[in-house]
Each structure stands twice: as C-alpha cells, then as structure tokens.
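First to last, the protein sequences are chains C and W. Under the numbering used here, the first residue of the first sequence carries the number 1, and numbering increases by one thereafter. Under the numbering used here, the first residue of the second sequence carries the number 1, and numbering increases by one thereafter.
I should point out that these hints are in silico values taken from the structure, not numbers from a laboratory. Since the structure is predicted, the reported quantities are computational estimates derived from the model, not experimental observations. Just so it is clear, CB atoms sit at the ideal spot from N, CA and C, and this is done for glycine as well. Hints are supplied without guarantee of correctness; some may be wrong.
If you only want the chain W side, here are some residues facing chain C, beta carbon under 10 Å, derived [said to hold, decoys possible]:
# : residue
1 : Phe34
2 : Tyr36
3 : Lys45
4 : Leu64
5 : Leu80
6 : Lys102
Straight-line C-alpha distance at most 27 Å; calculated DSS-like pairs for lysine-lysine [to be verified]:
#  : chain 1 : residue 1 : chain 2 : residue 2
7  : W       : Lys2      : C       : Lys57
8  : C       : Lys70     : W       : Lys79
9  : C       : Lys96     : C       : Lys11
10 : C       : Lys11     : W       : Lys79
11 : C       : Lys70     : W       : Lys2
12 : W       : Lys2      : C       : Lys11
13 : C       : Lys57     : W       : Lys79
14 : C       : Lys57     : W       : Lys45
15 : C       : Lys96     : W       : Lys79
16 : C       : Lys57     : C       : Lys96
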Amino acid sequence: DAGITQSPRYKITETGRQVTLMCHQTWSHSYMFWYRQDLGHGLRLIYYSAAADITDKGEVPDGYVVSRSKTENFPLTLESATRSQTSVYFCASSPKGYGANEQFFGPGTRLTVL
Amino acid sequence: RKEVEQDPGPFNVPEGATVAFNCTYSNSASQSFFWYRQDCRKEPKLLMSVYSSGNEDGRFTAQLNRASQYISLLIRDSKLSDSATYLCVVKGAGYSTLTFGKGTMLLVSP
C-alpha cells in the first residue's frame, strides 16, 4: 500500500547502543523529516532532507545521524543511545513545490532507552 | 519566548459545545499557518490551513490576525470524535520547515 511507514514501531534498547529507525515512503516525495515528540516539548525537528543526498539539521540534531541515499528511505541512527533520547519518533514527508506546506506523518516509533 | 504558543489544556466540553483554541507566534516573517490534529498515540494529520481572510470547513473555522500574530480555531457543535490534541503550526517564507506548538488537548464528553 502507498504511504509512509516506520519500523520498528516499538523498540527498547540500552544506553550506549546504536539504534537505527527506518522510514520509507512510496509517494516519491522530495522532502522527508524526522521529529521527536516529548511531553512538555511538542514536536521538535531533528533532521530533514530536501532530496536524496541532501540533509540538514533541525532544532535538536545532537546525537543523531541521518542519510538519504534513495528518495524513498530516510533512516535515523542514534549512534550511542542515551536515556534522554527516550521518545516517540515521527517521520514525515512532503511533496516538492509548496515548500513542505503539508507534511504526511508515519505512525511513529516508540523508543525506550534503559 | 517560544516560537508558537498555545492555550494550555485540556479543554473539557460537553457534546454540542463551541470551543475556541488560540495560538500566538513570535516570528513576524511567518507566511503559512495550519492546524493539525493528533489523536491519542497517533500521528499528526493536517486539519486545515489558515488563510488571512479566515476560512471555514464544516464545523471548523480558522482565523488569522497577522498584526497581532494570532491564530484561532473554532469548533462548533462539538462531537465525541473531536476529542484529540490540536496543534498550531507555522511556516516561514519560501522553503522552510514547520514549527509546531505544543498542542491543546480537547476532551468532548457525552
């Protein structure tokens, strides 16, 4: 089915481990985004990408790495997970043309770092 | 000052009530404005864009006051299914990213 998917949906890991969250979209949208959502902070942008091989930092990029070798995939890696990275992570995509006016979100990944 | 500020919640209203959400934004260069809706433990989804002249979509009315940097959302005849968190969202000129408010939770009871 077309859309935007995230995997895994739930993940428990330990401090110091590397974790990769996957995001895949079938719309061929140019823009893709990673957000984290925490109580008291709302949605905060981690990284975004305007096209394959083009990425840029958002509001809270520290501790995260992204890549975008293909238009449809935008993985987010926590190089050495910390407890403060326990959060719900949302991936989103947006078509080119209106500068990401409407973003379409994936179902989210709930990450717990012990 | 936060870039996008919303009324703290939750708002508890009975079915059929009219409820208004307010939002202010700090960047006067902001160009586009939206309301997103987020159901419990789900992803945000676009509810409606907000235009300078104000706009309506069924029971939902959005207003923008650029001079005051203020956005509002009015929901008339509330339904149980309107229970959700409403996110005020602002975007700058040209290509820029979205800035989300923390959201206001609405609980509609029978």
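These are the hints, each one checked on the structure:
| no. | hint | result |
| --- | --- | --- |
| 1 | Phe34 | holds (8 Å) |
| 2 | Tyr36 | holds (9 Å) |
| 3 | Lys45 | holds (7 Å) |
| 4 | Leu64 | violated (15 Å) |
| 5 | Leu80 | violated (23 Å) |
| 6 | Lys102 | holds (4 Å) |
| 7 | Lys2/W <-> Lys57/C | holds (19 Å) |
| 8 | Lys70/C <-> Lys79/W | violated (42 Å) |
| 9 | Lys96/C <-> Lys11/C | violated (32 Å) |
| 10 | Lys11/C <-> Lys79/W | violated (35 Å) |
| 11 | Lys70/C <-> Lys2/W | violated (35 Å) |
| 12 | Lys2/W <-> Lys11/C | violated (31 Å) |
| 13 | Lys57/C <-> Lys79/W | violated (40 Å) |
| 14 | Lys57/C <-> Lys45/W | holds (23 Å) |
| 15 | Lys96/C <-> Lys79/W | violated (35 Å) |
| 16 | Lys57/C <-> Lys96/C | holds (19 Å) |
Checked against the numbered hints given earlier, the structure breaks hints 4, 5, 8, 9, 10, 11, 12, 13, 15 and satisfies all the rest.
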